[in-house]
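Participant: The primary structure of each chain is shown beneath.
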Amino acid sequence: MTSERLRHVEGQDFEASEEEYGDREISAEHLETLGEFVDEEVEALTDHDEATKKPASRSFRRRALLGITVLALAMLSPEVARAQQKLEPSEQEGIELQIKQLQDKLYESKKVEYAEAEKQRHQELNEWLSLFAVDGLSVGEAKNRVRMPGEQVGVYLKKDGMETHLGDMYAEDGIRIMQADFVREVAEMLKGAGIEAAPDISTELSKEAGFEIDIDLETYALLKDWGWRFEGGILNTGKKEFRFDDQTESITIFIGGETSLDEDIIIIHCLDKDGKKTVVKFTEGRQLGMKEYK
Amino acid sequence: MGLQVNNSLKILFNELVDRARLSDVEKQLWHSLIEKSSDNELDAIFTAVQDDPENLIFLTSNLLKKQKALKAGNKRTWSAVVAEEKKFLEKK
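Top to bottom, those sequences are chains A and B. The numbering of the first sequence is this note's numbering, which starts it at 760 and goes up by one. The numbering of the second sequence is this note's numbering, which starts it at 624 and goes up by one.
Extracted from the complex, chain A is given alone in its bound form (with noise of 0.2 Å):
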């Protein structure tokens, strides 16, 4: 950001902390106590627990909050054009070299987070993707990435030494990429290539809950390609991670260790021993609502 660019957004501000502070310089001591301001925020914020998984919400606060430190610094350029009208050319130079040296070493500090978050990351998807039990299959850098904000990874075959890319993916939030969505377009890239695999996460439900499932044609589709299986109208979904509660009448599926079923594609007509009906609507693992009918 130019100090020129930057003129029209400090003129908007910041009266107060003119008054409150007056009309100061950028100094070589200024620049000074800058360093050791960014210092120790970058020291503050770095995460000394590495061994501990985090959520990604606190990995996204924390590099924003780093960002936003580099728009703030921009936003000093008025004051360091001020003082620079009283300076050589050379020294001139200097004053925008330390700025920018700031904002570097945030960049820098941002990046190693962005890589620890991103290694976090396709280990959790590499996770997803041995559901597959297809040999050399893994998650990488997306060979073909687009403009826009979100997750996008690529997946890649290594099969008799040669890598293959399948294809890559991207998050339909424009944050993260929901296991479910991954786990289908998975099934597609191998489909693609001839590989029939599907996600291997079938184990029996007990119907001790007292609850049959009878499932919508389309969404029995949709799991059936998932690998998972209906029989006597109980739905197997493996690992054991369909969890009706009895109190609250309600059923919560989950697919891993984050759930992650759409809304719009998740319809479930539960039938009870006593005769009841109840439909149950999923969004990312969430259960949104449920109808009973006659």
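Quick caveat, the hints were computed from the structure, so don't treat them as lab data. Misleading hints may appear alongside valid ones.
In silico lysine-lysine, DSSO-like type, Cα no more than 30 Å apart, as pairs [what the hints assert, rightly or not]:
| # | chain 1 | residue 1 | chain 2 | residue 2 |
| --- | --- | --- | --- | --- |
| 1 | A | Lys-878 | B | Lys-698 |
| 2 | B | Lys-650 | A | Lys-859 |
| 3 | B | Lys-710 | A | Lys-950 |
| 4 | B | Lys-688 | B | Lys-698 |
| 5 | B | Lys-633 | A | Lys-950 |
Using the hints, position chain B against chain A.
Facilitator: The following block gives chain B in isolation, referenced to the frame of chain A:
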């Protein structure tokens, strides 16, 4: 999975700002910053705001406080801002 190439980061970010519980002056500030900054400068902030729109309220206050502290070279103010950031990170 549908790919919405037209939804660039800046358009989406401006939409989030418009919907946020911010004053008109704060919204105007963000619109200016979004217009004048590169995607690279904005991406991390955008992601945090999209993850939880309430984050924009804290980040706006954070930006203004940092701007003042940087301008004044005020170490005490800066340390207070950093302490607030640590609490913000601990938020569920």
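Participant: Decide, hint by hint, whether the structure agrees.
Facilitator: Structure-based check of each hint:
no.: 1; hint: A:Lys-878 to B:Lys-698; in the structure: violated, 35 Å
no.: 2; hint: B:Lys-650 to A:Lys-859; in the structure: holds, 27 Å
no.: 3; hint: B:Lys-710 to A:Lys-950; in the structure: violated, 47 Å
no.: 4; hint: B:Lys-688 to B:Lys-698; in the structure: holds, 12 Å
no.: 5; hint: B:Lys-633 to A:Lys-950; in the structure: violated, 36 Å
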